[in-house]
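Can you build the whole structure from these sequences, using the hints too?
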Amino acid sequence: LRLGLQLMESGDYQKSINHLRSAARSDPSDSHCWEALGDGYLKRGAFSAAKKCYAKVVQLQPDKIYPKLQIAHIYQILGLAEESLEEYRTILLIFPECLPAMKGLAESCLLLVRKRLQYSGGNLVQEVQELCQTGVDAIVSALMLNNSISCLWKLLGDILVTLCKLPKRNQTVTLPTSLVDPTLHESPDQKISTLTSYRQILTIALNAYRKALQIAKALSISSNLQGRLVYNIAYCLNLDATLSRSVEKKRGALRCMKECLRMMPRSYTAWNLLGIIAASDELQQYALAQHAFIKSIQVERVNPSAWTNLGSVYLKLRCLNLANDCFKEAQTIDPAYLMAWLGQSTVAEEIDHADTKKMLHHTCCLGSHHNSIVLFSYYVLKSLLEAHTSKHCSLNKLYSEKHAGLPLASVQMGSSYGKHNTYIYISCIVAFIQRIDSIHSKRSISDSLGTFVLNDFNVISVDILFYLLYLN
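Each residue of the sequence shown is one higher than the one before, counting from 1301 in our numbering.
The hints are all genuine.
The calculated lysine-lysine pairs, modelled on DSS-like cross-linking and capped at a C-alpha distance of 27 Å, are:
1) K1415 with K1343
2) K1616 with K1658
3) K1403 with K1343
4) K1468 with K1415
5) K1315 with K1356
6) K1549 with K1468
7) K1315 with K1351
8) K1403 with K1351
9) K1558 with K1616
10) K1549 with K1465
11) K1403 with K1415
12) K1356 with K1403
13) K1616 with K1628
14) K1616 with K1682
15) K1517 with K1403
16) K1364 with K1351
17) K1356 with K1343
18) K1616 with K1549
19) K1415 with K1465
20) K1658 with K1682
21) K1415 with K1351
22) K1465 with K1403
23) K1364 with K1343
24) K1595 with K1616
25) K1352 with K1315
Now the in silico label distances, taken between C-beta atoms and shown as ranges:
26) L1620 with A1587: 17 to 23 Å
27) E1649 with A1355: 52 to 58 Å
28) L1666 with I1492: 37 to 43 Å
Since the hints were derived computationally from the structure, they do not count as laboratory data. Here the structure is a predicted model, which means the values were calculated and not measured. Heads up, the beta-carbon is just placed ideally off N, CA and C, and yes, glycines get one too.
Written out as structure tokens, the structure reads:
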């Protein structure tokens, strides 16, 4: 056992595992051997074997907390957020003041939130908001035990920034007043504040990152880790500047990103964010943005985001061929990357390409993005108008066409209305498309539209023209 632990400490994990397995075979009831063997497997990356060893320790000593934490951590590493969340909740029921379990619970909530937002198309926003609140509650409980841990403050900032990505009606979080207003010094359980403003939540996230950076500097944590915190601060400043359309705040975010790159010059995400800030409408420093995106690609070639952003810069500068090449490169790296398809669809629209609507249809099938939804719905309604006014185009044929997209436009516009509830006219467009959709399901769409025309010859054309005018 001692030889195995010494070899593990020196980094020779395979020999360490061999000795620890011999120790466990000689005394199967020794929980220390199984626990050390689990650590060896975990450090070597054999997660399933490590989990079995920790489960054996729990079987031998049910009250031991370390193996339970390790099992939950392994679930987290494997991306099994639901299982990890349940494990941490079970641990906290037995050990209510276990700080690592509180941190792990918050991390699992954040992991699950990101999975929900990525794969659900934004349809589970209420569940996501509740998970964010659960994560915040866990972090607040951990901060009550020890508020001098940098990673806890960073995790609080990460959850609050993720919350800002939800629709406005779901941007709600409950926090202790002492976190909302740093000038107050009550204990966190004395008074509670509910934040419902995007800017308020972003301010608390920014303060959390700054607190984490302050602790990191005091403890002389590595410059790379400090650079990540500076990156988070710059990200928040950029979001705030975009919201307020402030040139000064954008410049502040740009200065912050330059400081971040001095700390970690080999970070492709940092170069990418520098380019995004420089290319913003407030700064319009396109030469710096181009340089930053190219540096990001040089650091990490498999980088669809930087390729797409570089294409967007060329698109703004009206270099359509270069923009199209960048978008194609991003699609080659990741064929399902929605933003690259949206960029290429925009290029196609600029040159009035015949396949623009087909590309937009494909973009909407890949995922939900407001710009692609509005643009695709515009083309669907435009096709409806042309079919209604032309004697040579059948509405029935249009509906059955693969890329006509009436049902898809209806669903996607409904999704967009759920996210952007200030655009009230979108609900009218959804209702109109659904009316056409329901008519077709009952009988021939051309016959049904004929009924409308008998009552008012131009009612359909007027509806479509009104919505086209709005979308345009």
